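Engineer: Residue strings, one per chain:
2 protein chains.
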Amino acid sequence: MSLTVESQCVTFPSLELDCGVRLLNVDVAYETYGTLNPEHTNAILIHHAFSGDAHAAGMSTDGQPGWWSNMIGPGLGFDTDRYFVICTNVLGGCRGTTGPGSIDPSTGTPFGMRFPVITIGDMVRLQKCLIDHLGIKKLLAVSGGSMGGMQALEWAVAYPQCVAAAIPIATTARHSAQQIAFNEVGRQAIMADPDWNEGNYYDGKPPARGLAVARMVGHITYMSDASMRQKFGRRLRDKDAFGYDFSVDFEVESYLRYRGNQFVSRFDANSYLYITKAMDYFDLSGGKPSLAAAFDSTTARFLVLSFTSDWLYPTYQSLEIVSALRGRNIDVAFCELPSSYGHDAFLVEVKEQTEMVRGFLDSVYRDVHR
Amino acid sequence: MSLTVESQCVTFPSLELDCGVRLLNVDVAYETYGTLNPEHTNAILIHHAFSGDAHAAGMSTDGQPGWWSNMIGPGLGFDTDRYFVICTNVLGGCRGTTGPGSIDPSTGTPFGMRFPVITIGDMVRLQKCLIDHLGIKKLLAVSGGSMGGMQALEWAVAYPQCVAAAIPIATTARHSAQQIAFNEVGRQAIMADPDWNEGNYYDGKPPARGLAVARMVGHITYMSDASMRQKFGRRLRDKDAFGYDFSVDFEVESYLRYRGNQFVSRFDANSYLYITKAMDYFDLSGGKPSLAAAFDSTTARFLVLSFTSDWLYPTYQSLEIVSALRGRNIDVAFCELPSSYGHDAFLVEVKEQTEMVRGFLDSVYRDVHR
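Protein sequence lines, in the order shown, are assigned to chains Y and B. With this note's numbering, letter number 343 in the first sequence gets 1215, and the count goes up by one each step, no holes. With this note's numbering, letter number 37 in the second sequence gets 909, and the count goes up by one each step, no holes.
Keep in mind that the hints were calculated from the coordinates and are not lab data. Bear in mind that the values here come from a model prediction, so they are computed numbers and not experimental data. Mixed in with the good hints there might be a few duds.
It does not matter which identical chain is used: a pair holds within one copy or between any two.
What the hints assert, rightly or not - Only pairs whose alpha carbons sit at most 25 Å apart, straight line, appear in this in silico DMTMM-like list of lysine to aspartate or glutamate:
hint, residue 1, residue 2
1, 1111, 1070
2, 1010, 1239
3, 1077, 1067
4, 1223, 1070
5, 1223, 1004
6, 1010, 1224
7, 1160, 1123
8, 1111, 888
9, 1103, 1067
10, 1103, 1155
11, 1111, 878
12, 1223, 976
13, 1223, 1203
14, 1010, 1234
15, 1223, 934
16, 1111, 890
17, 1009, 1192
Generate coordinates for the entire structure from the input sequences, incorporating the hints supplied.
Structural biologist: Pasting the structure below:
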């Protein structure tokens, strides 16, 4: 059974940001799948990870599958025969929602680095505008992996009355020093590229080399040592012996160069800077006496998932969330799923994840509708 | 008791390389500590890691302690009251031994990228020239951490009659896909810097930004998630609240930028390319039916050490070496030492390491001299 993709964009007159700036004429690109029921009680908001976009499921007009099309669709984990699924491009992004590459209404030119520094809280505040606009008072669930999981957590804390359930996957309640460090390397790689030009490159050449290096670092952190060994090992690329030069010797080098260069064609370097900064700032316990205290007003039920080989967002970070929720007697199910795929597991290791999500949502739906 | 540092350089007329090139007039910078006994049976060759140099112990003339001065000296693990300790700068380096920044005798200008691609085997072949030059027929031991451990392994395999014992620490018998990937990112960061200029920068500005980014990636891999949390956590740098800009917010960002920039003043970017390539090529089992087969002629005794939190050269890689040695009935002791310092542990977590090395060397010395 095919899935109808509704791709839209809506503009909100203004958005207050955590940094104190008021952003004007804010676009939100979003897609929906399935049908909103007359009571508006079957809506699920999906949040994309760092480099994702609003195209989460089905096929785009140019034939691209959504980034979570193995999880969202008829009969899948997020079952579009039953639920109305929404996904937005995040604030600061470069795939339809307002970001540093958008036109600054006050100057008529792209923001570049004049774009204000944003937070996960800001991303969620903009999503709340959309949910209000769609006439949805309470989301059945919020879910996402990685940075998507941070948004799901933020929703449950910022709008406790508007979320029945949250499914944060392969994520953390606060970025660690190592996670900040990897992001900082990516930012420095971009800013070291002279083509970055302090962020003013929209009428010229983008900082392609710097962005490619940043993406290469990212890809290593998304995989596991074991999955890289399995996928590449020490296999040579199109040769039988070492080349004794600095062209490609190993398959893994070829893969990284390819993925790095490919990324440049679909992602804006300034968005890379702003979105990684938002992740680094993310700390659900910020200003609170404890992480548990962050959940003081939360009423949602939780399903928290992590993966054994994910070393970028390791299981102990999911367990910190679980402990904090338990500390406030909040209903939480937790599972560490076995996978060798590393952080990428939430995108590819979907069999058990589907069972977990399906069963949990079924229970939440029955709770809400009884 | 103070330690006398003998710092010298010797030139060899030529060196055959694995790539087929014959390199002419090859300099080797080296230091020695302690006294060679009349029988020449108390010599230990120490190998430095990727960014190290020949200054392993004591104080340099400009007051810098050696990189392993907590392990080499009177009464220390490598006891200079008893042993004659030698350390060379590796081939391809930039601290006195011939490398890409050296003058090419055929042109009178720096080699740059005309320098031939080298291997760990080439580094060891040059060290053998020095050991012959010093009149040492058999080394009591070879030892080093990380890339130093690779050289120790290579010695035991390439010159089995010349090594009584080997102590490879926090190392591997072959670079994995993930290890190659991290090195490739560093190389791409350097080569993406326009100042790299295809390696021709010796009469101009070096590729400082690219080299700094490469070093930042390296530093993350040298530490552990836990040690970064302990050292930096989410502490801000000289501020009480987020700056909402792209200057430094977190301590960890400040540290990485500092270490990256500092590295530029002491290391040559082309050496970075060549030495990482040598590590990536390293595979002791290359061309052999198995890793065990690589040790067919080896007669040395082994002490293999790894560290619990080292995720760059994880314990399983040391265990591969141990298994291969056991498969050839070679005397091997193995210990995984507890540490939260990650890969850096072999440089800083020296208390237990000292006990292990001291006891092992004592036994080897008695074996050799009975």
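Engineer: Each of the hints needs a verdict: does it hold here or not?
Structural biologist: Hint check results:
Taking the shortest Cα distances, residue 1111 and residue 1070 sit within 25 Å of each other only across copies (24 Å), while inside one copy they are farther apart (41 Å). When the C-alpha separation of residue 1010 and residue 1239 is checked against a cutoff of 25 Å, the pair qualifies only within one copy, where the shortest distance is 13 Å, while the shortest distance between copies is 78 Å. When the C-alpha separation of residue 1077 and residue 1067 is checked against a cutoff of 25 Å, the pair qualifies both within a copy, at 6 Å, and between copies, at 18 Å. Within a single copy, residue 1223 and residue 1070 get their C-alpha atoms no closer than 44 Å, and across copies no closer than 48 Å, so neither meets the 25 Å cut-off.
Taking identical chains as interchangeable, the C-alpha atoms of residue 1223 and residue 1004 are never at most 25 Å apart, the minima being 33 Å within one chain and 62 Å between chains. With identical chains, the CA atoms of residue 1010 and residue 1224 are never at most 25 Å apart, being 27 Å at best within one copy and 58 Å at best between copies. Taking the shortest Cα distances, residue 1160 and residue 1123 sit within 25 Å of each other only across copies (21 Å), while inside one copy they are farther apart (47 Å). Taking CA atoms no more than 25 Å apart as the test, residue 1111 paired with residue 888 passes between copies only; the shortest distance there is 24 Å, against 56 Å inside one copy.
In the homo-oligomer, the alpha carbons of residue 1103 and residue 1067 never lie at most 25 Å apart, since the shortest distance is 33 Å inside one protomer and 34 Å across protomers. Taking the shortest alpha-carbon separations for residue 1103 and residue 1155, only the inter-copy value of 18 Å comes in at or below 25 Å, while the best intra-copy value is 34 Å. Taking the closest pair of Cα atoms, residue 1111 and residue 878 never come within 25 Å of each other, the shortest separation being 47 Å inside a single copy and 45 Å across copies. In this assembly of identical chains, the alpha carbons of residue 1223 and residue 976 never lie at most 25 Å apart, being 44 Å within a copy and 59 Å across copies at closest.
Taking identical chains as interchangeable, the C-alpha atoms of residue 1223 and residue 1203 lie at most 25 Å apart only when both belong to the same chain, with a minimum of 24 Å there against 47 Å between chains. Taking CA atoms no more than 25 Å apart as the test, residue 1010 paired with residue 1234 passes inside one copy only; the shortest distance there is 16 Å, against 72 Å between copies. Proximity of residue 1223 and residue 934 under a CA criterion of 25 Å is satisfied in neither setting, with 27 Å inside one chain copy and 62 Å between copies. Taking CA atoms no more than 25 Å apart as the test, residue 1111 paired with residue 890 passes between copies only; the shortest distance there is 17 Å, against 53 Å inside one copy.
Taking the closest pair of Cα atoms, residue 1009 and residue 1192 never come within 25 Å of each other, the shortest separation being 30 Å inside a single copy and 58 Å across copies.
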